[in-house]
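Position chain B relative to chain A; hints supplied.
Here the protein sequences line up with chains A and B, keeping their order. Heads up, the first sequence is in the numbering used here, so the first residue is 1 and it goes up one at a time. Heads up, the second sequence is in the numbering used here, so the first residue is 1001 and it goes up one at a time.
Everything labelled a hint here was simulated from the structure, so no lab data went into it. Remember, it's a predicted structure, so these values are computed and weren't measured experimentally. There may be inaccurate statements among the hints.
Subject to a maximum C-alpha distance of 27 Å in a straight line, what follows is the list of computed DSSO-like cross-link-like pairs (lysine-lysine) [as the list claims (entries may be wrong)]:
(1) B:Lys1128 - A:Lys58
(2) B:Lys1058 - A:Lys62
(3) A:Lys258 - A:Lys190
(4) A:Lys58 - B:Lys1087
(5) A:Lys48 - B:Lys1140
(6) B:Lys1027 - A:Lys63
(7) B:Lys1087 - A:Lys63
(8) A:Lys224 - A:Lys27
(9) B:Lys1063 - A:Lys128
(10) B:Lys1140 - A:Lys140
(11) B:Lys1355 - B:Lys1187
(12) B:Lys1058 - A:Lys27
(13) B:Lys1062 - A:Lys128
(14) B:Lys1063 - A:Lys140
(15) A:Lys58 - B:Lys1027
(16) B:Lys1128 - A:Lys140
(17) A:Lys190 - A:Lys224
(18) A:Lys63 - B:Lys1063
(19) B:Lys1048 - A:Lys87
(20) B:Lys1033 - A:Lys63
(21) B:Lys1219 - B:Lys1033
(22) A:Lys62 - B:Lys1190
2 protein chains.
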Amino acid sequence: MLIVQKYGGTSVGTLERIDNVANRVAKARDEGKDLVVVVSAMSGETNKLIEYAHYFTKHPAKKEMDMLLSSGERVTAALLSIALQAKGYEAVAMTGRQAGIVTDDLHTYARIESIDPTAMREAIDEGKIVIVAGFQGVNKEGRVTTLGRGGSDLTAVAIAGALHADQCEIYSDVDGIYTTDPRIEPKAKKLDTISYDEMLEMSSLGAKVLQNRSVELAKKLGVKLYARSSFSDNEGTLITEETNSMEEVLVSGVVLDKNQARVTLRGVTDRPGIAAEIFNKLAEANINVDMIIQNVGTDGSTNLGFTVPQSELDNAKNVMENFNHDIEGMDYDENVCKVSVVGVGMKSHSGVAAKAFSTLADNNINIQMISTSEIKVSMIIDEKYGELAVRSLHDAYELDK
Amino acid sequence: MLIVQKYGGTSVGTLERIDNVANRVAKARDEGKDLVVVVSAMSGETNKLIEYAHYFTKHPAKKEMDMLLSSGERVTAALLSIALQAKGYEAVAMTGRQAGIVTDDLHTYARIESIDPTAMREAIDEGKIVIVAGFQGVNKEGRVTTLGRGGSDLTAVAIAGALHADQCEIYSDVDGIYTTDPRIEPKAKKLDTISYDEMLEMSSLGAKVLQNRSVELAKKLGVKLYARSSFSDNEGTLITEETNSMEEVLVSGVVLDKNQARVTLRGVTDRPGIAAEIFNKLAEANINVDMIIQNVGTDGSTNLGFTVPQSELDNAKNVMENFNHDIEGMDYDENVCKVSVVGVGMKSHSGVAAKAFSTLADNNINIQMISTSEIKVSMIIDEKYGELAVRSLHDAYELDK
Chain A
1 MLIVQKYGGT
11 SVGTLERIDN
21 VANRVAKARD
31 EGKDLVVVVS
41 AMSGETNKLI
51 EYAHYFTKHP
61 AKKEMDMLLS
71 SGERVTAALL
81 SIALQAKGYE
91 AVAMTGRQAG
101 IVTDDLHTYA
111 RIESIDPTAM
121 REAIDEGKIV
131 IVAGFQGVNK
141 EGRVTTLGRG
151 GSDLTAVAIA
161 GALHADQCEI
171 YSDVDGIYTT
181 DPRIEPKAKK
191 LDTISYDEML
201 EMSSLGAKVL
211 QNRSVELAKK
221 LGVKLYARSS
231 FSDNEGTLIT
241 EETNSMEEVL
251 VSGVVLDKNQ
261 ARVTLRGVTD
271 RPGIAAEIFN
281 KLAEANINVD
291 MIIQNVGTDG
301 STNLGFTVPQ
311 SELDNAKNVM
321 ENFNHDIEGM
331 DYDENVCKVS
341 VVGVGMKSHS
351 GVAAKAFSTL
361 ADNNINIQMI
371 STSEIKVSMI
381 IDEKYGELAV
391 RSLHDAYELD
401 K
Chain B
1001 MLIVQKYGGT
1011 SVGTLERIDN
1021 VANRVAKARD
1031 EGKDLVVVVS
1041 AMSGETNKLI
1051 EYAHYFTKHP
1061 AKKEMDMLLS
1071 SGERVTAALL
1081 SIALQAKGYE
1091 AVAMTGRQAG
1101 IVTDDLHTYA
1111 RIESIDPTAM
1121 REAIDEGKIV
1131 IVAGFQGVNK
1141 EGRVTTLGRG
1151 GSDLTAVAIA
1161 GALHADQCEI
1171 YSDVDGIYTT
1181 DPRIEPKAKK
1191 LDTISYDEML
1201 EMSSLGAKVL
1211 QNRSVELAKK
1221 LGVKLYARSS
1231 FSDNEGTLIT
1241 EETNSMEEVL
1251 VSGVVLDKNQ
1261 ARVTLRGVTD
1271 RPGIAAEIFN
1281 KLAEANINVD
1291 MIIQNVGTDG
1301 STNLGFTVPQ
1311 SELDNAKNVM
1321 ENFNHDIEGM
1331 DYDENVCKVS
1341 VVGVGMKSHS
1351 GVAAKAFSTL
1361 ADNNINIQMI
1371 STSEIKVSMI
1381 IDEKYGELAV
1391 RSLHDAYELD
1401 K
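Bound conformation, chain A alone (with noise of 0.2 Å):
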């Protein structure tokens, strides 16, 4: 049995818990398993290396960053492999050159092109518990690059891919995938299972566990992903396809997301092309846009709405100074948020968006915008009604059960 491991920066923060994670990875190699474990950078060092590169300039060439933010990996690679030996483990640290890690030229946000696992393949063979530097690769000249933020879970999943590995374990401080926040509502329930479709779902609306790059790739490659805490012996939560059995679950979790701004665009002229205008201008301010609501308009005009995250909201309104003659009237709002329930089940079961927009009726909770997916219902809504939705929309459909 081969399993891919990847432990996150928090579980390799301190040179103690580098320890307890060798202390795991001997645990499974004791039970016969073939490892390859990916690690990230001690917690703290790729921030302290980008304040470094910002003594200098708020704007650093990419692939000078990508040299300096390469060696936070190589340094926990090199000890999670000294310390598997020094308990007696044969083991090797490989940088994600060594590892076969070929991207492509986009220094600082990399895609993986291919892994040629020879090498690692090699070294399991031997026996050897392979260490990988994650975050990295090479480009096609030789030069490093790096993959981005949540990088390492990448390197996890496509190393797990490219050597056929039965499955990939994704270790954190939290110990599996919730039906939402237990911070919000105390009566969370740890899901045993949840598909890619549904974590991508909840994580691109605030659920920091696992990156959505990361599910999208393990959905795409068929990976069995398993999102555990180093810190915990708990079995976690597995992320894989969906089956039968889930389809009679129909809402897995819900997702509160405060990092939200609303802007409302009113009479907007009902010319064709204007929309894909506007959010062509806000790409190429690269403003991240998130929902996008428009209604059909009555007198040749329409409305139009969207939200970005409240740091890009100045720059938002900037971009909308050009568009001043085509819409009547402007409105921005900070104080919003945006409660989601998401669910595999709903897609066949038209009720459940019923049910979120009544139980939020039921405590006078008024729903600005509404958007919704196959698998998902959103609601912008005040922002200070955010967690008492969460927990209204546990109760109403009975996740802590």
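Relative to chain A, chain B alone:
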């Protein structure tokens, strides 16, 4: 004019100091020079990483250590490149691999086998300042290796040789080579020039400015070396071939090495091979023997003396127990030091050594052991007289003139 500069750990020990180095490099660039800049890890970084590894085991695997330790120089190289770019200069950071440095397989103390300067040359031709992470290369299998302590100096000298640079400037916190340690003798004078051979004697004897391997390589490749301070604009010391004018200088410097312990073996059986046996056993135990002195015996036995670093005296005692049957008595003394007088003029002027002996005699300093080479006289004396001996000899040879 092509210059290779190397900045040591203290010179790049903080972000402010890296900025200072960037200003120095920029100034040289403004003067029209082509530049390759080799950097060490920020001071303290390498030791921190070694301590990290030692948390797990006193004997970490050397391959892992190389992956671990090479990260420090990469960080500095990336940061210096970023700093230069921030000042509007074109710069590119390279790892040892990217700079084309290929070493043998001896992890943690690898030797440079070849340098393919193509990438550096191309970058220089494109008008870029090349920043190279010192202390590292790759072996033929592409695995990262490190060159051991002082490895960044070696990187700089080897690159200067491969690129046929006009000179190689080694920057540290010391502004050159002095006639003796200024902390012992305030009248010590900075030397404008010193020969490779004298420098070799000076550095192996305790002057820590330049490591021997670098000076040897510079001599072999004919690289003109400058030892300079990164904190001043002083000219520093040029280390180069002997010139005629040098011969007039009898003595260049006086060096004190306090890290010495003396071992004296009395009545060693005078059979063939006994000395070889003793020093082979010491070598097998990784004990660095420095001075060796043997007196011809009169009665079928001989007296043998040698010195080792103080930290290795206990190991040496253990080794010597193997020879109990061959040796009448053994004598150990940790409270000794070595004072050496170095100078190329010495070999043609026999009076130089005599003056050293009489100077110490005039100060009632007993000489326990003497060893001479073509360009130096070393004397083992009681440790407490070390500083007095240095000052007296400095005076006797009029080195302050």
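Each hint tested on the structure:
1. B:Lys1128 - A:Lys58: Satisfied, since the Cα-Cα distance of roughly 21 Å is no more than 27 Å.
2. B:Lys1058 - A:Lys62: Violated, at about 37 Å.
3. A:Lys258 - A:Lys190: 22 Å, holds
4. A:Lys58 - B:Lys1087: Satisfied, since the Cα-Cα distance of roughly 12 Å is no more than 27 Å.
5. A:Lys48 - B:Lys1140: It is violated: about 33 Å lies between the C-alpha atoms, which goes past 27 Å.
6. B:Lys1027 - A:Lys63: 24 Å, holds
7. B:Lys1087 - A:Lys63: 17 Å, holds
8. A:Lys224 - A:Lys27: The hint holds at about 21 Å.
9. B:Lys1063 - A:Lys128: Cα-Cα ~14 Å, so holds.
10. B:Lys1140 - A:Lys140: 19 Å, holds
11. B:Lys1355 - B:Lys1187: 20 Å, holds
12. B:Lys1058 - A:Lys27: At roughly 23 Å apart (the allowed maximum being 27 Å), A:Lys27 and B:Lys1058 satisfy the hint.
13. B:Lys1062 - A:Lys128: 16 Å, holds
14. B:Lys1063 - A:Lys140: Holds. B:Lys1063 to A:Lys140 sits at ~25 Å (cutoff 27 Å).
15. A:Lys58 - B:Lys1027: 23 Å, holds
16. B:Lys1128 - A:Lys140: 22 Å, holds
17. A:Lys190 - A:Lys224: 18 Å, holds
18. A:Lys63 - B:Lys1063: The hint holds at about 26 Å.
19. B:Lys1048 - A:Lys87: 22 Å, holds
20. B:Lys1033 - A:Lys63: 24 Å, holds
21. B:Lys1219 - B:Lys1033: 24 Å, holds
22. A:Lys62 - B:Lys1190: 43 Å, violated
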